[in-house]
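Here's the letter readout for the chains.
Protein chains: 4
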Amino acid sequence: RDYHDPPPAPLLDMGELKQWSFYRASIAEFIATFLFLFFAVSTVVNYKEPNYTDQCSRVGYLGIACAYGGMIFVLVYCTSGISGGHLNPAVTFAMLVARKMSLIRAAAYMVAQCLGATLGVLFVFAFMYADEQQNSDGVVNVVSRNYSKGAGLGVEFVGTFVLVYTVFSATDPKRNARDSHVPVLAPLPIGFAVFVVHLATIPITGTGINPARSLATNLIYRGTAEAMDDLWIFWVGPFLGALAAAVYHKYILRAGAVKTLKSFRALGSFGSHPPV
Amino acid sequence: RDYHDPPPAPLLDMGELKQWSFYRASIAEFIATFLFLFFAVSTVVNYKEPNYTDQCSRVGYLGIACAYGGMIFVLVYCTSGISGGHLNPAVTFAMLVARKMSLIRAAAYMVAQCLGATLGVLFVFAFMYADEQQNSDGVVNVVSRNYSKGAGLGVEFVGTFVLVYTVFSATDPKRNARDSHVPVLAPLPIGFAVFVVHLATIPITGTGINPARSLATNLIYRGTAEAMDDLWIFWVGPFLGALAAAVYHKYILRAGAVKTLKSFRALGSFGSHPPV
Amino acid sequence: RDYHDPPPAPLLDMGELKQWSFYRASIAEFIATFLFLFFAVSTVVNYKEPNYTDQCSRVGYLGIACAYGGMIFVLVYCTSGISGGHLNPAVTFAMLVARKMSLIRAAAYMVAQCLGATLGVLFVFAFMYADEQQNSDGVVNVVSRNYSKGAGLGVEFVGTFVLVYTVFSATDPKRNARDSHVPVLAPLPIGFAVFVVHLATIPITGTGINPARSLATNLIYRGTAEAMDDLWIFWVGPFLGALAAAVYHKYILRAGAVKTLKSFRALGSFGSHPPV
Amino acid sequence: RDYHDPPPAPLLDMGELKQWSFYRASIAEFIATFLFLFFAVSTVVNYKEPNYTDQCSRVGYLGIACAYGGMIFVLVYCTSGISGGHLNPAVTFAMLVARKMSLIRAAAYMVAQCLGATLGVLFVFAFMYADEQQNSDGVVNVVSRNYSKGAGLGVEFVGTFVLVYTVFSATDPKRNARDSHVPVLAPLPIGFAVFVVHLATIPITGTGINPARSLATNLIYRGTAEAMDDLWIFWVGPFLGALAAAVYHKYILRAGAVKTLKSFRALGSFGSHPPV
Numbered sequence: 045r046d047y048h049d050p051p052p053a054p055l056l057d058m059g060e061l062k063q064w065s066f067y068r069a070s071i072a073e074f075i076a077t078f079l080f081l082f083f084a085v086s087t088v089v090n091y092k093e094p095n096y097t098d099q100c101s102r103v104g105y106l107g108i109a110c111a112y113g114g115m116i117f118v119l120v121y122c123t124s125g126i127s128g129g130h131l132n133p134a135v136t137f138a139m140l141v142a143r144k145m146s147l148i149r150a151a152a153y154m155v156a157q158c159l160g161a162t163l164g165v166l167f168v169f170a171f172m173y174a175d176e177q178q179n180s181d182g183v184v185n186v187v188s189r190n191y192s193k194g195a196g197l198g199v200e201f202v203g204t205f206v207l208v209y210t211v212f213s214a215t216d217p218k219r220n221a222r223d224s225h226v227p228v229l230a231p232l233p234i235g236f237a238v239f240v241v242h243l244a245t246i247p248i249t250g251t252g253i254n255p256a257r258s259l260a261t262n263l264i265y266r267g268t269a270e271a272m273d274d275l276w277i278f279w280v281g282p283f284l285g286a287l288a289a290a291v292y293h294k295y296i297l298r299a300g301a302v303k304t305l306k307s308f309r310a311l312g313s314f315g316s317h318p319p320v
Numbered sequence: 045r046d047y048h049d050p051p052p053a054p055l056l057d058m059g060e061l062k063q064w065s066f067y068r069a070s071i072a073e074f075i076a077t078f079l080f081l082f083f084a085v086s087t088v089v090n091y092k093e094p095n096y097t098d099q100c101s102r103v104g105y106l107g108i109a110c111a112y113g114g115m116i117f118v119l120v121y122c123t124s125g126i127s128g129g130h131l132n133p134a135v136t137f138a139m140l141v142a143r144k145m146s147l148i149r150a151a152a153y154m155v156a157q158c159l160g161a162t163l164g165v166l167f168v169f170a171f172m173y174a175d176e177q178q179n180s181d182g183v184v185n186v187v188s189r190n191y192s193k194g195a196g197l198g199v200e201f202v203g204t205f206v207l208v209y210t211v212f213s214a215t216d217p218k219r220n221a222r223d224s225h226v227p228v229l230a231p232l233p234i235g236f237a238v239f240v241v242h243l244a245t246i247p248i249t250g251t252g253i254n255p256a257r258s259l260a261t262n263l264i265y266r267g268t269a270e271a272m273d274d275l276w277i278f279w280v281g282p283f284l285g286a287l288a289a290a291v292y293h294k295y296i297l298r299a300g301a302v303k304t305l306k307s308f309r310a311l312g313s314f315g316s317h318p319p320v
Numbered sequence: 045r046d047y048h049d050p051p052p053a054p055l056l057d058m059g060e061l062k063q064w065s066f067y068r069a070s071i072a073e074f075i076a077t078f079l080f081l082f083f084a085v086s087t088v089v090n091y092k093e094p095n096y097t098d099q100c101s102r103v104g105y106l107g108i109a110c111a112y113g114g115m116i117f118v119l120v121y122c123t124s125g126i127s128g129g130h131l132n133p134a135v136t137f138a139m140l141v142a143r144k145m146s147l148i149r150a151a152a153y154m155v156a157q158c159l160g161a162t163l164g165v166l167f168v169f170a171f172m173y174a175d176e177q178q179n180s181d182g183v184v185n186v187v188s189r190n191y192s193k194g195a196g197l198g199v200e201f202v203g204t205f206v207l208v209y210t211v212f213s214a215t216d217p218k219r220n221a222r223d224s225h226v227p228v229l230a231p232l233p234i235g236f237a238v239f240v241v242h243l244a245t246i247p248i249t250g251t252g253i254n255p256a257r258s259l260a261t262n263l264i265y266r267g268t269a270e271a272m273d274d275l276w277i278f279w280v281g282p283f284l285g286a287l288a289a290a291v292y293h294k295y296i297l298r299a300g301a302v303k304t305l306k307s308f309r310a311l312g313s314f315g316s317h318p319p320v
Numbered sequence: 045r046d047y048h049d050p051p052p053a054p055l056l057d058m059g060e061l062k063q064w065s066f067y068r069a070s071i072a073e074f075i076a077t078f079l080f081l082f083f084a085v086s087t088v089v090n091y092k093e094p095n096y097t098d099q100c101s102r103v104g105y106l107g108i109a110c111a112y113g114g115m116i117f118v119l120v121y122c123t124s125g126i127s128g129g130h131l132n133p134a135v136t137f138a139m140l141v142a143r144k145m146s147l148i149r150a151a152a153y154m155v156a157q158c159l160g161a162t163l164g165v166l167f168v169f170a171f172m173y174a175d176e177q178q179n180s181d182g183v184v185n186v187v188s189r190n191y192s193k194g195a196g197l198g199v200e201f202v203g204t205f206v207l208v209y210t211v212f213s214a215t216d217p218k219r220n221a222r223d224s225h226v227p228v229l230a231p232l233p234i235g236f237a238v239f240v241v242h243l244a245t246i247p248i249t250g251t252g253i254n255p256a257r258s259l260a261t262n263l264i265y266r267g268t269a270e271a272m273d274d275l276w277i278f279w280v281g282p283f284l285g286a287l288a289a290a291v292y293h294k295y296i297l298r299a300g301a302v303k304t305l306k307s308f309r310a311l312g313s314f315g316s317h318p319p320v
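Protein chains in written order, with this note's numbering: chain G, 45 to 320; chain D, 45 to 320; chain B, 45 to 320; chain C, 45 to 320.
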């Protein structure tokens with residue numbers, strides 16, 4: 045055992061508010077989430093030819109999945125050294141639950157992410173002439189007609205689970221000890237996780253797995269009341285999926301369960317072999 | 045020669061059954077194979093537009109290949125430190141043949157993989173409304189009308205051969221000694237191997253190269269008796285391909301053959317230069 | 045703090061002109077930019093079937109994005125050890141602003157890049173029979189009819205910002221100290237940044253983010269006066285985006301701002317606690 | 045200068061013929077080239093829907109490029125430690141010209157590559173029912189109607205140049221000294237180089253840049269005399285491109301030119317400052 049788990053982060057750490065690194069990290073989350081949504085949603089609004097004359101040239105769902113996954117790879121690579129590179133309130137929530145960041149920092153990140161995402165989508169909306177906006181189906185997150193609301197919630201849950209599971213696997217101190225350069229490589233599997241979840245779930249929910257993304261697109265592009273109605277699915281599903289991944293990583297993979305069991309057994313063994 | 049081949053794993057090691065790491069690894073295989081099939085088959089059932097109105101937007105065979113290969117990259121990355129990241133009875137079989145794991149552990153992995161795969165496919169089936177299920181062609185593994193059963197078997201054999209060959213190359217102790225961080229990078233070529241085998245063989249067999257995948261999809265989605273009839277191809281082909289890759293790696297690439305030859309020669313040399 | 049920022053490069057360093065490495069680097073930029081444009085524009089001129097009979101076989105916008113991003117990954121990998129692997133006047137400009145290269149070297153690179161790009165596009169033009177040239181829409185950089193000139197400028201600004209931000213992140217001495225092999229991995233996120241910017245902005249401006257590319261294609265393939273008219277957008281946008289990324293990296297992420305603030309505070313503190 | 049260029053390999057080294065590693069390397073080249081062509085050509089024969097009913101589902105040129113590039117990445121990764129992972133007579137020729145291997149070994153590799161490639165294509169041909177063979181356009185290498193033979197030769201020259209340039213960059217001892225893990229990462233840019241060259245040149249020549257591939261496909265699938273007529277282009281172009289890349293790397297990038305120049309100058313300097 046040649047690694048150390050860092051001590052749990054305090055829930056409230058007022059000292060952070062005096063550090064430039066705290067503000068810098070929040071700014072980095074804001075800028076990166078802005079760039080993420082700007083390029084991803086720009087891809088979505090143009091993913092198909094409006095007039096169906098040359099439809100095969102456009103990037104389609106595969107291009108959308110590449111845009112989301114590719115931007116996450118690039119931006120996590122760029123910001124991981126500054127803020128950890130979350131760009132996603134569900135990831136930040138998982139890090140809070142795992143006691144890897146304080147409540148204050150988590151709140152600041154989530155606000156920065158939601159603001160950055162909204163600004164990014166707003167830029168895409170403002171850049172495009174109004175009469176082209178009808179091409180923007182696929183931007184908002186809604187549950188497809190072929191699936192129930194429950195299925196949509198389940199898909200968001202499992203999609204966020206696999207993303208956060210990858211994040212935990214990539215940033216595990218045990219892994220870092222074994223392979224000293226994992227932090228450098230971590231953004232690649234994280235980006236791929238986002239990519240494959242999009243491939244699978246764009247036709248089901250439009251793929252949220254990021255509450256800031258769903259809030260921003262549904263806020264700016266909502267054409268119907270339905271878009272706003274489904275929004276809770278894209279907050280509850282990802283947060284529950286992130287929570288499940290944190291629990292799975294801590295109690296199954298990092299053997300939290302067996303440690304509890306062992307300390308129990310040790311107690312029993314102490315009881316049965318009492319020192320005289 | 046600055047590396048050591050680990051000693052062959054015992055076939056039966058009852059001590060494993062008392063270790064948490066044994067159960068943890070089996071759980072990790074179960075969860076990862078569940079996630080693998082859930083996202084891959086979700087992609088397949090939606091790979092094309094049901095009504096052909098906007099068919100070019102969907103991800104097509106290229107997206108299916110990306111889903112299978114991408115999920116394998118992500119999930120092998122996440123689970124390699126826990127269970128080795130097989131997610132495939134053919135890979136587990138190859139590791140057993142190469143004496144890298146005990147028979148007990150191999151059996152537990154295979155059961156976990158088949159259960160996880162079946163549950164993953166079941167979730168996809170249950171999530172989608174029944175009247176959309178006719179869109180699910182391409183989910184099950186059958187030999188295409190343009191190919192004979194023998195060709196299908198051959199394709200499964202060669203496809204699994206290249207996958208297991210990549211796994212052996214990536215996890216070779218000789219390689220680890222030379223390039224200390226190969227384990228970190230191994231999931232990428234393994235994922236790419238799965239990707240390119242899918243590109244080449246989706247139109248031939250739907251691409252099995254993973255008996256747990258074929259069992260699960262054919263079990264849940266079989267519409268015809270034919271699907272069940274072909275299932276043996278997707279167990280025999282991959283197991284034979286895995287066996288061939290293990291033999292090729294051990295006796296050709298790792299020079300097992302020449303060592304046998306040399307010890308034979310040494311014997312002859314001993315006979316011709318006897319000590320007086 | 046276990047790293048050193050290298051001292052700022054002198055603006056004028058006549059000694060460089062006597063070094064072979066200066067000429068070698070300029071030649072490498074010339075050859076690499078030639079190869080970049082040759083393969084990228086070859087992909088563009090054939091991205092769709094001219095007669096629409098089998099249009100879905102062609103690579104489409106997704107293939108164009110892969111060609112630009114993939115070539116940048118390969119060529120930055122090949123030339124980073126020789127010239128830094130810019131292949132783009134906007135990147136060279138950012139490096140000049142950040143005082144990482146002299147004015148003389150920056151000027152030589154930019155000339156080499158523009159010459160190489162023009163020669164690369166000229167080869168594509170010369171190779172193809174004249175009656176196929178009408179297929180070459182999408183080669184030149186113009187603002188699409190659905191967007192205003194201002195939006196086109198904004199898109200070029202943000203696209204170059206994310207590219208140069210990635211370049212700075214990948215080559216930061218602080219990062220190098222922490223992860224000793226980042227230079228090896230840097231080309232991958234840089235290539236992906238180019239890829240995703242293309243996915244998002246091909247339908248808007250044809251994607252410039254590289255003034256040498258825009259100059260070369262518009263020079264060789266301009267069919268209309270409009271193509272030449274828009275060219276300023278593809279020089280001003282990228283240079284401003286590169287400048288913004290350099291400022292963002294230096295004053296926010298590398299805490300230049302807080303250092304200035306601290307030295308100001310230190311002064312104030314000095315004033316309020318005067319030595320007696 | 046913390047690296048050593050290995051001494052030039054002898055042209056004739058009869059001792060090699062007694063080493064198992066020589067035969068093992070040739071076998072590895074044979075098997076890998078077989079696998080390369082088997083999967084790549086399997087992808088090509090099915091890249092489009094024969095009846096145009098659901099053409100968007102098939103992988104198209106993008107999938108073909110992924111198959112060639114992806115297989116090269118995987119197989120170079122698997123065989124680089126055994127044989128260097130050439131899989132291509134043009135790469136082997138470049139290594140011979142650069143004196144990195146003996147003539148005997150180069151000849152053995154080329155024979156193994158051509159045999160492996162032919163067997164791989166033969167398997168694809170034999171597996172598919174005869175009445176489907178008309179779908180196999182795009183398998184053979186011919187110059188497209190839109191381009192002259194000279195353009196085809198030029199495209200093969202430049203395509204092989206960029207591939208061999210990447211191979212030299214990735215295996216440079218200077219680079220290895222600076223970044224100790226480049227050998228591990230080398231297969232990725234090499235695979236990407238193959239990928240992007242295919243994207244750009246499939247519509248022009250079908251993309252050769254590998255004489256063994258062109259020989260095998262044209263031999264097995266030639267339907268017309270034209271296919272055989274063009275074959276010389278796919279041997280001369282790649283060999284000349286490989287030669288140019290070797291010269292460029294040695295005399296420009298590795299400063300062979302300046303060394304010659306310096307030794308000339310040193311002579312002049314000796315003349316002008318004679319020892320008394």
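Derived from the structure by calculation, the hints contain no laboratory data.
On a predicted model such as this, the values are computed, not experimentally measured, just so you know.
Be a bit skeptical, because a hint or two may be false.
To be verified - Just a sample of chain C residues kept apart from chain D, beta carbon distances all over 10 Å, derived:
no., residue
1, P54
2, F82
3, D98
4, S101
5, R102
6, L147
7, V155
8, L232
Stated by the list, open to error - Derived coverage of chain C by chain B (criterion: at least 3 residues anywhere in the stretch with Cβ under 8 Å from a Cβ of chain B; other residues may be distant):
no., region
9, 128-140
10, 194-202
11, 233-245
12, 272-283
What the hints assert, rightly or not - Using C-beta positions, here's what the derived DEER-type ranges look like:
no., chain 1, residue 1, chain 2, residue 2, range
13, B, S65, G, V280, 40 to 50 Å
14, G, A151, C, D49, 24 to 34 Å
15, C, L61, D, R266, 47 to 57 Å
16, D, P54, C, P94, 45 to 55 Å
17, C, D49, B, K62, 21 to 31 Å
18, G, P54, B, W64, 52 to 62 Å
19, B, P54, G, A151, 25 to 35 Å
20, G, D98, B, W64, 48 to 58 Å
No residue lacks a Cβ here, since even glycine has one placed at the ideal position from N, Cα and C.
Here's how the hints hold up against the structure:
The Cβ of C:P54 sits about 23 Å from the closest Cβ of chain D, beyond the 10 Å cut-off, so the non-interface label holds. Look at C:F82: its CB is around 6 Å from the nearest CB on chain D, not clear of 10 Å, so calling it non-interface is violated. Distance check for C:D98 against chain D: the nearest CB is about 7 Å away, which does not clear 10 Å, and the non-interface claim fails. For C:S101, the shortest C-beta to C-beta distance to chain D comes to about 4 Å, within the 10 Å cut-off, and the non-interface label is violated.
Consistency note on C:R102: stated as away from chain D, yet its beta-carbon is not over 10 Å from all of that chain's, at 6 Å minimum. Chain D leaves C:L147 outside its interface by the beta-carbon criterion, the shortest separation being 24 Å against a cut-off of 10 Å. The beta carbon of C:V155 sits about 18 Å from the closest Cβ of chain D, which is more than 10 Å, so the claim that it is off the interface holds. Here C:L232 does not stay apart from chain D, with its beta-carbon only about 8 Å from theirs, under the 10 Å limit.
Counting residues of the region 128-140 of chain C whose beta carbon lies closer than 8 Å to any beta carbon of chain B gives 0, which falls short of the minimum of three for the stated coverage. Counting residues of the region 194-202 of chain C whose CB lies closer than 8 Å to any CB of chain B gives 4, so the stated coverage by that chain holds, three being the minimum. A stretch counts as covered by a chain when three or more of its residues have a beta carbon under 8 Å from one of that chain; for the region 233-245 of chain C and chain B the count is 9, and the coverage holds. Under a criterion of three residues with beta carbons nearer than 8 Å to beta carbons of chain B, the stated coverage of the region 272-283 of chain C fails, only 0 such residues being counted.
Distance hint check for B:S65 and G:V280: the Cβ-Cβ separation is about 59 Å, which falls outside the suggested range of 40 to 50 Å. Our hint of 24 to 34 Å for G:A151 and C:D49 is violated, since their Cβ atoms are close to 57 Å apart. For the pair C:L61 and D:R266, the beta carbons lie near 56 Å from each other, so the given range of 47 to 57 Å is met. Distance hint for D:P54 and C:P94: a CB-CB separation of about 53 Å, consistent with the stated range 45 to 55 Å.
The beta-carbon spacing between C:D49 and B:K62, approximately 25 Å, falls within the hinted interval of 21 to 31 Å. The beta-carbon spacing between G:P54 and B:W64, approximately 57 Å, falls within the hinted interval of 52 to 62 Å. Restraint check, B:P54 to G:A151: a C-beta distance of roughly 46 Å breaks the suggested window 25 to 35 Å. Separated by about 50 Å at the C-beta atoms, G:D98 and B:W64 satisfy the suggested range of 48 to 58 Å.
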